[in-house]
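Engineer: Keeping the supplied structure of chain A fixed, place chain B upon it in accordance with the hints.
If you're matching them up, the sequences are chains A and B in order.
So the first sequence is numbered by the working numbering: it starts at 1080 and just counts up by one.
So the second sequence is numbered by the working numbering: it starts at 1080 and just counts up by one.
A few of these clues could be false.
One copy or two, either will do: identical chains are not told apart, so a pair holds if it fits within one copy or between any two.
[Said to hold, decoys possible] Here are the computed lysine to aspartate or glutamate pairs in the EDC-like style, where the Cα-Cα straight-line distance is at most 20 Å:
| hint | residue 1 | residue 2 |
| --- | --- | --- |
| 1 | LYS1278 | GLU1355 |
| 2 | LYS1135 | GLU1341 |
| 3 | LYS1386 | ASP1374 |
| 4 | LYS1127 | ASP1366 |
| 5 | LYS1387 | ASP1374 |
| 6 | LYS1365 | ASP1409 |
| 7 | LYS1278 | GLU1401 |
| 8 | LYS1136 | GLU1396 |
Keep in mind the hints are simulated off the structure, nothing from the lab.
2 protein chains.
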Amino acid sequence: MVSSRRKRFAKKQRVIDVDEVYAKICEGSRLHLSKAITLLESIHEEDKKAGQALLKKLLPKTGSSIRIGITGVPGAGKSTFIETFGLMLAEKGYKVAVLAIDPSSTVNGGSILGDKTRMEALARHQNAFIRPSPSSGTLGGVHKKTRETMLLCEATGYDIILIETVGVGQSETVVRGMVDFFALLVLTGAGDELQGMKKGIMELADAIVVHKADGDNERLAKKTVREYRQILHFLQPASPGWTTTAIPVSSLHHTGLDVFWETVLSFQSTMEESGEWQLRRQKQTKDWFHAMIRDRLIDNFFAQAGKKELVTTLEKELLVGELTVASAVDLLVSDNGF
Amino acid sequence: MVSSRRKRFAKKQRVIDVDEVYAKICEGSRLHLSKAITLLESIHEEDKKAGQALLKKLLPKTGSSIRIGITGVPGAGKSTFIETFGLMLAEKGYKVAVLAIDPSSTVNGGSILGDKTRMEALARHQNAFIRPSPSSGTLGGVHKKTRETMLLCEATGYDIILIETVGVGQSETVVRGMVDFFALLVLTGAGDELQGMKKGIMELADAIVVHKADGDNERLAKKTVREYRQILHFLQPASPGWTTTAIPVSSLHHTGLDVFWETVLSFQSTMEESGEWQLRRQKQTKDWFHAMIRDRLIDNFFAQAGKKELVTTLEKELLVGELTVASAVDLLVSDNGF
Chain A
1080 MVSSRRKRFA KKQRVIDVDE VYAKICEGSR LHLSKAITLL ESIHEEDKKA
1130 GQALLKKLLP KTGSSIRIGI TGVPGAGKST FIETFGLMLA EKGYKVAVLA
1180 IDPSSTVNGG SILGDKTRME ALARHQNAFI RPSPSSGTLG GVHKKTRETM
1230 LLCEATGYDI ILIETVGVGQ SETVVRGMVD FFALLVLTGA GDELQGMKKG
1280 IMELADAIVV HKADGDNERL AKKTVREYRQ ILHFLQPASP GWTTTAIPVS
1330 SLHHTGLDVF WETVLSFQST MEESGEWQLR RQKQTKDWFH AMIRDRLIDN
1380 FFAQAGKKEL VTTLEKELLV GELTVASAVD LLVSDNGF
Chain B
1080 MVSSRRKRFA KKQRVIDVDE VYAKICEGSR LHLSKAITLL ESIHEEDKKA
1130 GQALLKKLLP KTGSSIRIGI TGVPGAGKST FIETFGLMLA EKGYKVAVLA
1180 IDPSSTVNGG SILGDKTRME ALARHQNAFI RPSPSSGTLG GVHKKTRETM
1230 LLCEATGYDI ILIETVGVGQ SETVVRGMVD FFALLVLTGA GDELQGMKKG
1280 IMELADAIVV HKADGDNERL AKKTVREYRQ ILHFLQPASP GWTTTAIPVS
1330 SLHHTGLDVF WETVLSFQST MEESGEWQLR RQKQTKDWFH AMIRDRLIDN
1380 FFAQAGKKEL VTTLEKELLV GELTVASAVD LLVSDNGF
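If we strip away everything but chain A, and leave its shape as in the complex, we get:
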């Protein structure tokens, strides 16, 4: 009897009422939205299944938000910008969700939004939802979770999704691959700064925000804006039919934020008119699918006992010239699959 009751109790613990969570998040419960995201992020099979069932139920409601990616050089003030910009939008009546992709958090244990107090005022606003970055997992995993979280937020009525990322690894490319509009935050002094910037990052951006354009910095910021515009003239735009622009913004004095928002809206109408908006989203879904297939195949392969060790051994033999690359691959992967 005891064992049977325990079993029932254990089972009860794991039962997730998808319909109930669905109903609650459709009513706008941030608590239940958080719960749903936790299901998607869970490592337990049953939670994941419930999360996917929920996401599937919500899929028809996705697609109506504006998805904005934000990156920047260290010290550019990403959090301050996002909080100030997010508050402005929330005050206008928009529902704003802030997510983050931070592959560095797996390394140093930190997380961009881990410390929610960094966006305290925004976090308290009834129109805002802030979700810290998952603190573990591969980039593929973070990618998957953030993308699914974005879809959940969208389906539950968030009009604007802001996705913050840091310039580590492939994170900008990953974020560019899931948003409509991508903004790069920089400081004054284009010349010095650009040389420390990651290759090709400017060519991912639909807008460059020259941040901290206030006080003594204001004049310099305007000069920097001109410099960026000159460079942008020579680069291929990130989105077909759109000219990437540079905008001076001060989060401190709340200047330029409206120009930035108008730029996003103008981008949206231009892209919707040309059909690029929808085309890009379809392409993003397909690309995501194929990236996930590749990740799964590679993860499955290296999950086999001994494969990682064999790669290390083969790498050593390759570097001393004892083996050709083709033979090394033959030794590692059989013709029939693994």
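Structural biologist: Just chain B, lined up with the frame of chain A:
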């Protein structure tokens, strides 16, 4: 009896004397070098095995050449540049091999070097070896063959390997991943041209050759060189410790070719001194190994009956929002591998 004799004959046809081919190509036989490359490119298992055996035998002799990648906008005059530059080097006594990566040839049936007469004078020179691009195969396949061909040429005494590519797909990144020095050929008028250029391509280059800097074009070419230098100032260099430069060259009047060659030599000594030369080559070998592992896993997976068709079906369901990406991957790839 007849059947047994036929069998023996068929077997004889396939016997490849690796030692003989090895000896001949070490003596400098271009005919046997060509045969060896054909073995590597073959679809027959026995040929491929012989090719790999040969390559393994030659591996200790590889590594001593300078590997130069050359790309350019359409009409920039890549073939003319390569022929003139190649002849200059051949006349100096260097042995020069010219290879090509042309992913477009699988699409339109053409090939950069398919028409050898485009480099007739160079092809006739005793110090030169020209190998047309394979006209079929995936980019991964072309990559593999070109890289192995490069190693064969190197091992058989070629001092300088020139690898030509066209701006299609990922071909520049692929070539950048197998060469020491990467040059981008452009025409005059940086502003107009750059906007039609592929994203990030300038940031792959160790030198930008402003070609056709002759006649009425000469003055304009010098202006273009200045414009490129200005832009390059803002970009991250392709190779650590090296400042990418722009050089005016006229293949017609044979001007600037010596400056280009001095730039390559100066690059080599700078990189060798800092240790980057060897580090990059080691990284390239590792990256190539991992790219080939991924390619093999994905090829094997999609070689299974029905997988390609299933992907197409799932993509359609994804785009109409009937399925989440995670569920689609679950339906396609089982947890235990395939």
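Engineer: Work down the list of hints and note, for each, if the structure agrees.
Structural biologist: Here is how each hint holds up against the structure:
{"no.": "1", "hint": "LYS1278 <-> GLU1355", "result": "between (25 Å within a copy, 18 Å between copies)"}
{"no.": "2", "hint": "LYS1135 <-> GLU1341", "result": "neither (33 Å within a copy, 61 Å between copies)"}
{"no.": "3", "hint": "LYS1386 <-> ASP1374", "result": "both (16 Å within a copy, 16 Å between copies)"}
{"no.": "4", "hint": "LYS1127 <-> ASP1366", "result": "neither (22 Å within a copy, 34 Å between copies)"}
{"no.": "5", "hint": "LYS1387 <-> ASP1374", "result": "both (15 Å within a copy, 17 Å between copies)"}
{"no.": "6", "hint": "LYS1365 <-> ASP1409", "result": "between (30 Å within a copy, 15 Å between copies)"}
{"no.": "7", "hint": "LYS1278 <-> GLU1401", "result": "neither (34 Å within a copy, 38 Å between copies)"}
{"no.": "8", "hint": "LYS1136 <-> GLU1396", "result": "between (51 Å within a copy, 14 Å between copies)"}
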